[in-house]
Amino acid sequence: MDEITERILSHFREVSSIPRCSKNEEKIAMWLKQWALHHGFSVKFDSVNNIVIGVAGSKGCEYLPSIVVQGHMDMVCEKTQDIDHDFSKDYIVPVVDGEWLRAQGTTLGADNGIAIAIALALAEDKGLKHPPLELLFTVDEETGLTGANALTHDFISGEILLNVDSEDEGVFTVGCAGGLNTTITMPVDLSPLPENMITFNLVVNGLAGGHSGVDIHEGRANANKLIAGALNSIADRMDIRIVDIKGGSAHNAIPRYAQAIVAVLANKQEELSKLISDLESEMKSDYSEIETGLAIRIEGCSSPSFDLQKETMESIGPETSSRIIGLLQELPHGVASMSADIEGLVETSSNLATINIKDGKLVVISSQRSSVDSGLAALTSSIENIAKKYGADYEHNSGYPPWQPDMSSPLLKRCMEIYSSVFTKKAKIEVIHAGLECAVIGSKFENIDMISFGPTIKNPHSPDECLHIPSIRKIWDFMVVLLESFAVMDEKKKRGKAKKKGKGQSSRS
Numbered sequence: 001m002d003e004i005t006e007r008i009l010s011h012f013r014e015v016s017s018i019p020r021c022s023k024n025e026e027k028i029a030m031w032l033k034q035w036a037l038h039h040g041f042s043v044k045f046d047s048v049n050n051i052v053i054g055v056a057g058s059k060g061c062e063y064l065p066s067i068v069v070q071g072h073m074d075m076v077c078e079k080t081q082d083i084d085h086d087f088s089k090d091y092i093v094p095v096v097d098g099e100w101l102r103a104q105g106t107t108l109g110a111d112n113g114i115a116i117a118i119a120l121a122l123a124e125d126k127g128l129k130h131p132p133l134e135l136l137f138t139v140d141e142e143t144g145l146t147g148a149n150a151l152t153h154d155f156i157s158g159e160i161l162l163n164v165d166s167e168d169e170g171v172f173t174v175g176c177a178g179g180l181n182t183t184i185t186m187p188v189d190l191s192p193l194p195e196n197m198i199t200f201n202l203v204v205n206g207l208a209g210g211h212s213g214v215d216i217h218e219g220r221a222n223a224n225k226l227i228a229g230a231l232n233s234i235a236d237r238m239d240i241r242i243v244d245i246k247g248g249s250a251h252n253a254i255p256r257y258a259q260a261i262v263a264v265l266a267n268k269q270e271e272l273s274k275l276i277s278d279l280e281s282e283m284k285s286d287y288s289e290i291e292t293g294l295a296i297r298i299e300g301c302s303s304p305s306f307d308l309q310k311e312t313m314e315s316i317g318p319e320t321s322s323r324i325i326g327l328l329q330e331l332p333h334g335v336a337s338m339s340a341d342i343e344g345l346v347e348t349s350s351n352l353a354t355i356n357i358k359d360g361k362l363v364v365i366s367s368q369r370s371s372v373d374s375g376l377a378a379l380t381s382s383i384e385n386i387a388k389k390y391g392a393d394y395e396h397n398s399g400y401p402p403w404q405p406d407m408s409s410p411l412l413k414r415c416m417e418i419y420s421s422v423f424t425k426k427a428k429i430e431v432i433h434a435g436l437e438c439a440v441i442g443s444k445f446e447n448i449d450m451i452s453f454g455p456t457i458k459n460p461h462s463p464d465e466c467l468h469i470p471s472i473r474k475i476w477d478f479m480v481v482l483l484e485s486f487a488v489m490d491e492k493k494k495r496g497k498a499k500k501k502g503k504g505q506s507s508r509s
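According to UniProt numbering, the sequence shown holds residues 1 to 509 in order.
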């Protein structure tokens, strides 16, 4: 591993040792502040804990317009069911596996900790030639773009922004989908469980999961949809009552795990076991090429006297249990439409993200994305209608707009030319179905020219997340030449002006 890559990864290991799940970025923000002050850089925070570290331009470039290098502090915190990891205090330990960096049973957090690491390495390298830099690190990107939405017009001054939050080296992202989350709630009626019923824990796990934007087109299974289908199959054959149900962990992660505590008549236990076995075989066949670890099983059949939750076992009534199953069955998941303008681009999709019973209510979160406002509105309207059909309430968050591509962007032209010169091959240009903070930042700063890129990351938002180590150096080499190009271009302009001025004086003398 070369010295520069090791230096960047050293920063990444430090970042990985600090808890930074979404909405809990206080410790990483304080660490960044201390790091900046230790290195003699200016630093400022805003009301939500976004941070800007100011790095002076190199010699001769001090008064050039600044360049914003941007990433987010938070990460999606996902883990496998078989490990004991507390994201609020436990370190994430990156492990080298050949050319890849992984974590042990958790998300790695390269999305977007590697952006922080690269930015810090740029800032402390005294040998680089660059304009002033504004290292902008935002909070809570993963659960609602909260930090980007809170930015004020005076927080940054640069009109060129390099977002280091894309996940395929050699690809420049110039547009992204907009998105909206819908929270659906349904009151549940609890009553004592009849004595002639047994309870069991129905579990769906072992799924690949992944990013609900990046991976949605791959047809990966959604644990919430699978458990809804299993409950529906059970309900078709016997009386069923739901005691509890939960699945998924984040609006932007395809659910990998779901479970439901369910009650059926005691004399149905043998029939139930065979049914679940048959369902597992059917599901494994349906997803044989995608979900090699898929499992659906029954755990712990018991009488109501075996208390799973409270002194007296209670269940949701049969009518409400039926409505819950119907709601989960009908709520959409996956690709709704493909773009007619860009081949292979998902235009509109939804993710049935999380299910919980909390404070006497079923709470379901659906996450919708689209690069077209009308597509997002139509999909969201259909989800509203499904909620109404089953007597549930709904509300939407503020969402975020799509980032519309500007193919005439001077920054894009410059990046394409530099990439070709550094690597003797052309970079690709893409619009993605995932959300990026560029969408929000562009809506707040009208004159800003933006582009997104980054080292290669596979399976973000899942414990299979991994970072391609050689791609880190390629991003570094590209950024070094790109930043230097702004200084060189300015020097050429100055020399040009000086020549013109000299000629003018000569003609007048």
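These aren't lab readings, by the way, just hints derived from the structure by calculation.
Please read these numbers as outputs of a predicted model, since none were measured by experiment.
Check each hint, because a few of them may be wrong.
Derived CB-CB ranges, DEER-like [as the list claims (entries may be wrong)]:
1. M30 x D90: 46 to 54 Å
2. D236 x E299: 17 to 25 Å
3. H85 x E218: 21 to 29 Å
When the alpha-carbon atoms are kept at most 27 Å apart in a straight line, the in silico DSS-like pairs for lysine-lysine are as follows [unchecked claim]:
4. K44 x K89
5. K426 x K413
6. K389 x K474
7. K388 x K59
8. K358 x K389
9. K23 x K358
10. K129 x K425
11. K361 x K388
12. K33 x K59
13. K33 x K44
14. K389 x K413
15. K284 x K246
16. K33 x K413
17. K89 x K59
18. K126 x K89
19. K361 x K246
20. K23 x K361
21. K413 x K425
22. K425 x K474
23. K413 x K129
24. K246 x K388
25. K444 x K44
26. K23 x K246
27. K246 x K274
28. K129 x K44
29. K284 x K444
30. K268 x K284
31. K426 x K389
32. K23 x K44
33. K126 x K274
34. K413 x K444
35. K268 x K388
Quick reminder that beta carbons are idealized off the backbone N, C-alpha and C, glycines included.
Assess, step by step, whether the Cα of K129 is no farther than 27 Å from the Cα of K425, and give holds or violated. The given pair, whose Cα atoms are some 24 Å apart, holds under the 27 Å limit.
Is the straight-line distance between the alpha-carbon of K388 and that of K59 27 Å or less? Since the Cα atoms of K388 and K59 sit roughly 64 Å apart, the hinted pair is violated (cutoff 27 Å).
Holds or violated: are the alpha carbons of K284 and K246 at most 27 Å from each other? holds (22 Å)
Hint check for D90 and M30 - Cβ pair distance inside 46 to 54 Å: Violated: the Cβ-Cβ distance is about 18 Å, outside 46 to 54 Å.
Straight-line alpha-carbon gap K413 to K425, limit 27 Å: Within the cut-off at roughly 15 Å; holds.
If you draw a straight line from the CA of K426 to the CA of K413, is it 27 Å or shorter? holds (12 Å)
Quickly compare the C-alpha distance for K44 and K89 to 27 Å and report which way the hint goes. Roughly 26 Å between the alpha carbons, so the hint for K44 and K89 holds.
For the pair supplied as a hint, K33 and K59, is the alpha-carbon distance within the 27 Å limit? Holds - the C-alpha atoms of K59 and K33 are around 24 Å apart, at most 27 Å.
Given the hint that K129 pairs with K44, test it: the Cα-Cα distance must not exceed 27 Å. holds (24 Å)
Between the alpha carbons of K361 and K388, is the straight-line distance 27 Å or under? holds (15 Å)
Between K246 and K388, is the straight-line Cα distance small enough, at 27 Å or below? holds (21 Å)
K268 and K284 were given as a pair; does the straight-line alpha-carbon distance stay at or below 27 Å? holds (24 Å)
In terms of the numbered hints stated before, the structure departs from hints 1, 6, 7, 14, 16, 17, 18, 29, 31, 33, 35, listed from lowest to highest.
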